[in-house]
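Enquirer: Next come the chains, spelled out residue by residue.
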Amino acid sequence: MAASQANSNIGMSGKRKRKQASPNPPVPQIMKQGAFVPWLYLLPALAVMTFFIVYPMINTIGLSFMNSDGTASAATTCRDGQPCWGVFENYRYALTDEFNTSSPAALWKSFWSSSYGNTIKWIVVMVFGTVTVGLAFAVLADRVKYEALAKAVLFMPMAISFVGAGVIWKFVYDYGTSQTQIGLLNSIITSLGGRPVAWLSTIPINTFMIVIVGIWIWSGFCMTILAAALKSVPDEIIEAARVDGAAEWTVFWKIIVPIILPTITVVVTTMVINVLKLFDLVYVMTGGNFKTDVIANRMYTEMYKNFNVGRGTAVAVILVVAIIPFIYLNIKRFLEQEASR
Amino acid sequence: MNRDQINKQLNKLPTHAIVILTMVIWAVPTLGLLVTSLRPPEAVGSSGWWTAFTTQRTAGPYETYCAECHGTDRKALPQADLTNPELIAKYSRSLQLLALLRQDINGQPHMGNMPLPTAQEAADIASYLRDDDQANSRFTLNNYIDALVGYRGRSSYTADCEAGTQPPDLKCNLSDILNPRGMGRAFINSLFVTLPATFIPILFAAFAGYAFAWLDFKGRFLLFALLVGLQVVPLQMTLVPISRFYAQTGLNGTFLGVWLFHTGFGMPYAIYLMRNFLGTLPRDLFESAYLDGATHWTVFRQLVVPLAMPAIASLGIFQFLWVWNDLLVALVFLGGTTPVMTYQISNMVTSLGSGWQVLTAAAFLSMLLPMIVFFSLQRYFVRGLLAGSVKG
Numbered sequence: 025m026a027a028s029q030a031n032s033n034i035g036m037s038g039k040r041k042r043k044q045a046s047p048n049p050p051v052p053q054i055m056k057q058g059a060f061v062p063w064l065y066l067l068p069a070l071a072v073m074t075f076f077i078v079y080p081m082i083n084t085i086g087l088s089f090m091n092s093d094g095t096a097s098a099a100t101t102c103r104d105g106q107p108c109w110g111v112f113e114n115y116r117y118a119l120t121d122e123f124n125t126s127s128p129a130a131l132w133k134s135f136w137s138s139s140y141g142n143t144i145k146w147i148v149v150m151v152f153g154t155v156t157v158g159l160a161f162a163v164l165a166d167r168v169k170y171e172a173l174a175k176a177v178l179f180m181p182m183a184i185s186f187v188g189a190g191v192i193w194k195f196v197y198d199y200g201t202s203q204t205q206i207g208l209l210n211s212i213i214t215s216l217g218g219r220p221v222a223w224l225s226t227i228p229i230n231t232f233m234i235v236i237v238g239i240w241i242w243s244g245f246c247m248t249i250l251a252a253a254l255k256s257v258p259d260e261i262i263e264a265a266r267v268d269g270a271a272e273w274t275v276f277w278k279i280i281v282p283i284i285l286p287t288i289t290v291v292v293t294t295m296v297i298n299v300l301k302l303f304d305l306v307y308v309m310t311g312g313n314f315k316t317d318v319i320a321n322r323m324y325t326e327m328y329k330n331f332n333v334g335r336g337t338a339v340a341v342i343l344v345v346a347i348i349p350f351i352y353l354n355i356k357r358f359l360e361q362e363a364s365r
Numbered sequence: 052m053n054r055d056q057i058n059k060q061l062n063k064l065p066t067h068a069i070v071i072l073t074m075v076i077w078a079v080p081t082l083g084l085l086v087t088s089l090r091p092p093e094a095v096g097s098s099g100w101w102t103a104f105t106t107q108r109t110a111g112p113y114e115t116y117c118a119e120c121h122g123t124d125r126k127a128l129p130q131a132d133l134t135n136p137e138l139i140a141k142y143s144r145s146l147q148l149l150a151l152l153r154q155d156i157n158g159q160p161h162m163g164n165m166p167l168p169t170a171q172e173a174a175d176i177a178s179y180l181r182d183d184d185q186a187n188s189r190f191t192l193n194n195y196i197d198a199l200v201g202y203r204g205r206s207s208y209t210a211d212c213e214a215g216t217q218p219p220d221l222k223c224n225l226s227d228i229l230n231p232r233g234m235g236r237a238f239i240n241s242l243f244v245t246l247p248a249t250f251i252p253i254l255f256a257a258f259a260g261y262a263f264a265w266l267d268f269k270g271r272f273l274l275f276a277l278l279v280g281l282q283v284v285p286l287q288m289t290l291v292p293i294s295r296f297y298a299q300t301g302l303n304g305t306f307l308g309v310w311l312f313h314t315g316f317g318m319p320y321a322i323y324l325m326r327n328f329l330g331t332l333p334r335d336l337f338e339s340a341y342l343d344g345a346t347h348w349t350v351f352r353q354l355v356v357p358l359a360m361p362a363i364a365s366l367g368i369f370q371f372l373w374v375w376n377d378l379l380v381a382l383v384f385l386g387g388t389t390p391v392m393t394y395q396i397s398n399m400v401t402s403l404g405s406g407w408q409v410l411t412a413a414a415f416l417s418m419l420l421p422m423i424v425f426f427s428l429q430r431y432f433v434r435g436l437l438a439g440s441v442k443g
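Quick note, the sequences are listed as chains A and C, same order.
Going left to right, the first sequence walks through residues 25 to 365 as my numbering numbers them.
Going left to right, the second sequence walks through residues 52 to 443 as my numbering numbers them.
Quick caveat, the hints were computed from the structure, so don't treat them as lab data.
Please read these numbers as outputs of a predicted model, since none were measured by experiment.
Every residue gets a Cβ at the ideal spot worked out from N, C-alpha and C, and that includes glycine.
Careful: at least some of the hints might be erroneous.
Covered stretches of chain A, as calculated for chain C (at least 3 residues, CB under 8 Å) [stated by the list, open to error]:
(1) 179-190
(2) 318-325
(3) 346-358
Think about it this way: if two alpha-carbon atoms lie no more than 25 Å apart in a straight line, the pair counts; the simulated SDA-like pairs of lysine to any residue are [claimed, not checked]:
(4) C:222 to C:387
(5) C:269 to A:351
(6) C:59 to A:262
(7) C:59 to A:268
Chain A on its own, in the form it takes in the complex (with noise of 0.2 Å):
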């Protein structure tokens, strides 16, 4: 969901004068052609949702209380001895097998090392990166004569799939034999005399330089949508602040970024969303190895790697209800701008 509804005078919708208030209005008598005649419009596409996203995710939902072909109940895996929640078994797998619980600070260590605080660092640092790099290249670009050329290059990595992304990036980061580097990236540190690292093995670097990659690729999409923001935030404003004695970097954080908040707000949650969801790039990478594993990827190994229906929908759950949230807000948000138009 993106800036558009921040910025109703952008994009697709913007370009054309509305002669009608409402794209949701009382239709005229005239239109009304009976009951039957909308749902026949309606049907392929609520068939095929109803199908392949409601239904399932209902069924997931079930599956989740189940062992791991589905066929009994989650509790009839509990072990003697073991600790067991019954039906909710599979969640107790999923929240608690990555952490050592001996004691707070093991806890506390295994915990930045599992599945969950790989989300969290892959969430913070890639939402802020992108943001960042996108805001300051917006702004930026918008100051010289090849900006369309420069938006293009940011924007090219949207094009490219993460597996391709996957490969590009492990070149960069490739971790050649003692006598030489064919690494961009280790070639430039044992050129000035450093050593070589193992980027994509060493723990917890690595996670980060997965990160990068994410970066690269969302960069764009961030820079695209806050540049529109940008030329939407009237000029006579800027100017009248310029007058009266502002340095350009007081009109930036008390003018621009103040009246760009809303659309910040949908790319941050739009961007919080994306890495949510996000499994191509630690699939491709490492494979989750080496304490890199995030929740999308870990959702995947247990259900087709360890064929395991019941731990594998737990964590497809867990997943989702991480995702509620947004999912409020994106139909709050839709609410508010209906209501505005």
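Once you've looked at the hints, dock chain C against the given chain A.
Expert: Quick look at chain C alone, frame taken from chain A:
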């Protein structure tokens, strides 16, 4: 230029520096991929891709280290005929050559008082001795051929076919492009997956978008609000029940199964975009059409579809890129039976079956079509992005 203008330009210098530096950082990794995919395998393994433009593969290192004893015709020592291809084949890698140079000859150091060549120089000597154009050329298209036919041997597809030593799954004719391990087959599979999985959602979304924008029915607003919520449901939430259902009905590994899944998941966003776009069309247009006695079907075909072309274009690019670049759905529902490009590459990465040169060529092949689509239709892509872009 007066002083003010100069000052103004000077003040802009940091801006230029940051913008250009960022552009370089963003472009260089992809450039490295492209350059590597065009280099011969020996060069890829022994030197960084950035040296491809500078390093000269000449007789230089040979002249320095070897010509004194072996002569310029490489035959001075009868017991080491360096023009013998079988002998040279033993030292195809710099490491092997260096090992030889470290050994003694008749109790004397091989190199006498001379320092050993570096790994790079040894690699250059080895390729000079091989004296074949393939190894000496800086760039080659062989990696692309190897990637397309799925060649996983030690040499290259063309060389193996000439010598008749190709792996058993290759026939050295045009049919090799359909080798299930190759990117050629995967490219066709990707197209087969992507085109219908782009077209069907757009069609369904156009229907539903029209209903949401211009038809009256009970629960219209509620249903649409629900749809907005569905946009952020993660794919992972629905994979398991669907793959169980597909396994029971035999849809696993079929194109139909993937088309349907992508259609279902593309729907909420597609309808959202369509409805918002169609809602901005002028009401008079529809009113006069209905007054003239047009049916909904006529209006849909003759008014809605032509007018919605910009939205259809945006949606088309989005869905195309999404499906083409998707790994998870392809991995779960198609897997190795009908491998698409992303699957094939992820397999090459994780199994480490082939060198960087083939992997980079394969990755670049998979990026080719999306890049073309993206850069030729960038305008529509940006519009679609600005009109809302959360996707399963």
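Enquirer: Run every hint past the structure and note whether it holds.
Expert: Going down the list of hints, with the structure as the test:
no., hint, in the structure
1, 179-190, "holds (count 11)"
2, 318-325, "holds (count 3)"
3, 346-358, "holds (count 7)"
4, C:222 to C:387, "21 Å, holds"
5, C:269 to A:351, "23 Å, holds"
6, C:59 to A:262, "19 Å, holds"
7, C:59 to A:268, "20 Å, holds"
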